[in-house]
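Going down the list, the sequences are from chains L and W.
The first sequence begins at 38 in the working numbering and counts up one residue at a time.
The second sequence begins at 38 in the working numbering and counts up one residue at a time.
FYI, nobody ran anything at the bench for these hints, they're computed from the structure.
Be aware that one or more of the hints could be misleading.
A pair counts as met if it fits within one copy or between any two copies, since identical chains are not told apart.
Stated by the list, open to error - Only pairs whose alpha carbons sit at most 25 Å apart, straight line, appear in this in silico PhoX-like list of lysine-lysine: (1) 56 x 420; (2) 175 x 90; (3) 355 x 129; (4) 420 x 112; (5) 112 x 223; (6) 420 x 358.
The structure presented is a predicted model; accordingly, all values stated were derived computationally and were not measured.
There are 2 protein chains.
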Amino acid sequence: MNVESEVKLDIELAAGYLKMPQSRVQGLLNKRLLLQNWDDYQHLFRFDKNISKIEHGSVLYQKDGSFELIRGFPKIQRAMLLGSAINDHFSKIGSVVVEEKMNGYNVRVAGIDGRIAAITRGGLVCPYSTERAEYLIKPDFFTDHPDLILFGEMAGPDNPYVPKDIYGIESLEFFVFDIRHKGSGKPYPVYERRKLAEEYGFTQVRLFGEFPTSHAADEIAEIIRELGKIRHEGVVIKDPQMVLHPIKYTCSQSNCADLRHAFRYYNDYGRDYFFSRVVREGFQSVEWDENESELQKRCLQLGESILHPMVDSIRQIKDGKRISDDVQIRVRDIAVASRFEEYLRRLGVDAVFEAPQQVGDEYLVKIRKLNQSTNDKTESMCKGELW
Amino acid sequence: MNVESEVKLDIELAAGYLKMPQSRVQGLLNKRLLLQNWDDYQHLFRFDKNISKIEHGSVLYQKDGSFELIRGFPKIQRAMLLGSAINDHFSKIGSVVVEEKMNGYNVRVAGIDGRIAAITRGGLVCPYSTERAEYLIKPDFFTDHPDLILFGEMAGPDNPYVPKDIYGIESLEFFVFDIRHKGSGKPYPVYERRKLAEEYGFTQVRLFGEFPTSHAADEIAEIIRELGKIRHEGVVIKDPQMVLHPIKYTCSQSNCADLRHAFRYYNDYGRDYFFSRVVREGFQSVEWDENESELQKRCLQLGESILHPMVDSIRQIKDGKRISDDVQIRVRDIAVASRFEEYLRRLGVDAVFEAPQQVGDEYLVKIRKLNQSTNDKTESMCKGELW
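The following block holds chain L by itself, in its conformation from the complex:
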C-alpha cells in the first residue's frame, strides 16, 4: 500500500482550482476525506464525504497543469406521497418527464488521459465496470466531448452487486440517464441528452413521456403499477430542463425484493435499509387508499419478504451450511477478473472467485460473496450463544 503514496497531490494548485484554502485541502487529506485511488488510478483523488458543495464520490485529478473534477452522483430525494411531492416540488413548471429508475449500480464513465474509466458512486475506478464500459461505449464520444461525463446504470445478470435478469439483457448493459459537464456538474436538459446519447448509439433508460405536472401523479401511479408487475424498480421524475432536481419513486415489488435480499443476509445490512423500505410501504398504501383486502395482501407480502429469506438462511446455517450471495461477472480479458478480485478485497468484501469458464470469446467468473456477519451470528445463536 506504500506504493500509493508515490503520487502526491499538488496542494497549492488543487486549492486554487477548488477555491479552498490550502490548509483545508491539507486537512481533507489528513482526515482521509480526500483519498487516493489504486493501481493505475493513483492520481485520482476521491471525496469520501460531501465537502462544501462537492458531492461524496467526486473525483479530482491533475490535467495539463491544472485540475479536472468529476462530480459525484447528486442525491435524488424520494417522494413518499407521489401526488403531494410532485405538486410541491415541481409547482413552478408545467410538465415533468418520467424516465425509468433501473436496478443495477451507478457508474460514471469519463475519458481520463485518453482512456475510458468507469467510476463507482463512491469515486473508485472499478476494473470490471471499466472493461465493460470500454466494450460498450465508443471512445469517439470522449474524443468529441472531452468535457462530458456519462452517468448511468450498469444492469443485467453479470452484475457483481445487484444481478437482475428482469431486463432481458444477456450480460451487463450500461443505461445512460444523465450527461454532465466536468467541473460544474451541469446537466444536459433531458431531450438534448437523449438526442446526444442516441447519436452515439448509447443504450438509454426508458422514457415514459412528459406529463402536465397537474396530473402527472396519476399517470405515474399507473406506470408504477405496471412496472411492479414486471418486477422493475421505479421511476425518476425530472424537470425537462434539469433545473429543478429530479425525484424518485419505487414500486412496492421492488421494496419487497430489496427486503427479501437483505433479510437473507440480515446481519450484514444496516438497520436503516430495512426500515426505510418498510415505511415506504405504509405511505404507498395510504396514498393508494387501499381497502382492507388490498392492505391485507400488502401485509402478507411484506411479512413474507422479511421472514421467508431469514428463515431459509437460519435453517441452512443450523444444518451446518454457510450461506453466500452468488453473483457473476463476464470479462473479455482474464486479467480483469484478478484485478476485480483485488479491488473487492481492498473494499473489504469477502468473496471467493471460482475458476473462469470460457463462454464464446469471454470468460464467466462465478463469485461467492460470503456474508460473514450473518453466517457467524446465526451460527453462534445455533450453538446457544445469547443475543
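Guided by the hints, dock chain W onto chain L, whose structure is given.
Below, chain W without anything else, positioned relative to chain L:
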C-alpha cells in the same frame, strides 16, 4: 437547574469507596457519566453508562461518612434458540427455575435515608413510582433489612410507559423478581427470595416451576405458547442459586405487540427496536420447525403488526389530526402528578397532562404523550416534502 450543583460529591471519599483513582471519579463527573438526580434526590449520583463493573443506572450516595451503592439492573441476555441456549448456558446445573417476564417497567425500590425511593432502570428517582411503592410496600421491610433492594416490574393500566390491561390489575402493581444486596448487588437465591417476599406480603412474578435442564426447553416452549395466547410477554430462566446469569425468552405475540406500538410512532423509535423483534420471529419459526401454513400465518401477523399501525397513523395525520400515545397515572397526592410532569419534562418527553379526575380517594390523570418526530415527519411528507 443551577440549584443542582449545590450538592457536591466528596470525590476523595467516593473514590475510596469505589476503589477508583480520584481522577477517574472526577473524569466521570466531567464527562457527565456520573450525574446528579433532581429535587429531593440531588445527593444521589447515577452512572449513565457501564463503568468498570458498575452497571448503567447504578446509584451512589453518601451515608454516615461513607457511601452506599445501589447496583443497576443486570442486563439479561436473550435466548434466540431456546433449546441451544439452555443447553449451552445452564449445562453445569441440573435444573432451572422459570418465572414470568412481565411487561411493565423496571423499578428498584430501596430505603434511602429512612424513606422509600423507587429508582428507574436509568437510575432516576421517579416521583410517581415512588408514591406507588410507598403505598404498595410496607416500610418495615427496609427497617428490618436496610441492606436489601427490591428489583421488580411496575405493571398494570395506570402505567405511564407501558400500560397493559392483561394482568387483571386495577391500577399498578409492583411485582418483585429479585432481591439484592446494596454494594455488591449479590442476589438472593430464587426460593429464599420468594420466601422473604412472601413474608412481607409482596406481590411476586409468577413461578412456573423448576425443570431439569435437559428437557426445560420443551416445557418452556409450552409455557411460551400458553402465555402468548393470553398476550403475556415471556419468561426469565434462572439458576435456582442465582450464580449463573438468568436468560430471557419472549412470545411472538409480545414481539408483535411491541411492533404494533412502535410502528404507530414509527419515527420516534430506534431502528434497532424494530429489527431485533423481527429477527426473533425468524429464529422462533425455525426452532418450532414451522410448516408452510404456520409460517404463512406468522408472516401475515408480522406484516400486519408493522403496516396496520403505521397506515393508521399516516391516515390520521394526513387528515389533519395529531397522534399521541395516551396513558394515565393514578396518584393519592395531587402534588405527585405535578412532580411527575416536571420529571417527564426534564427527561425530554413531550406530554400534555389533563386535569385530574377524582376516583375514590385517588386522582386519575390522563397524559397525552406527543410523538413529535412521527407527527412532524408524516406531516411534512403529506405536504410533499421529500425523504
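Original post:
Given a CA cutoff of 25 Å, do residue 420 and residue 112 count as a within-copy pair, a between-copy pair, both, or neither?
Top reply: between (43 Å within a copy, 21 Å between copies)
**OP:** Indicate which option fits the pair residue 355, residue 129 if close means a Cα-Cα distance not exceeding 25 Å: within, between, both or neither.
**Re:** So residue 355 and residue 129 pass the 25 Å test across copies only (24 Å; inside, 57 Å).
Original post:
Between the shortest in-copy and the shortest cross-copy C-alpha distance, which are at most 25 Å for residue 420 and residue 358: within, between, both, or neither?
Top reply: within (14 Å within a copy, 49 Å between copies)
Original post:
For the identical chains here, do residue 56 and residue 420 meet the 25 Å Cα criterion within one copy, between copies, both, or neither?
Top reply: Cα proximity of residue 56 and residue 420: none, with 58 Å in one copy and 38 Å across.
Original post:
When no copy is specified for residue 112 and residue 223, does a C-alpha distance of 25 Å or less occur within a copy, between copies, both, or neither?
Top reply: Within. Shortest intra-copy distance 14 Å satisfies the 25 Å Cα cut-off; inter-copy 54 Å does not.
Original post:
Within a copy, between copies, both or neither: where do residue 175 and residue 90 come within 25 Å Cα-Cα?
Top reply: For residue 175 and residue 90, neither the intra-copy (32 Å) nor the inter-copy (66 Å) Cα distance is at most 25 Å.
Of the hints listed earlier, those the structure fails to meet are numbers 1, 2, in rising order.
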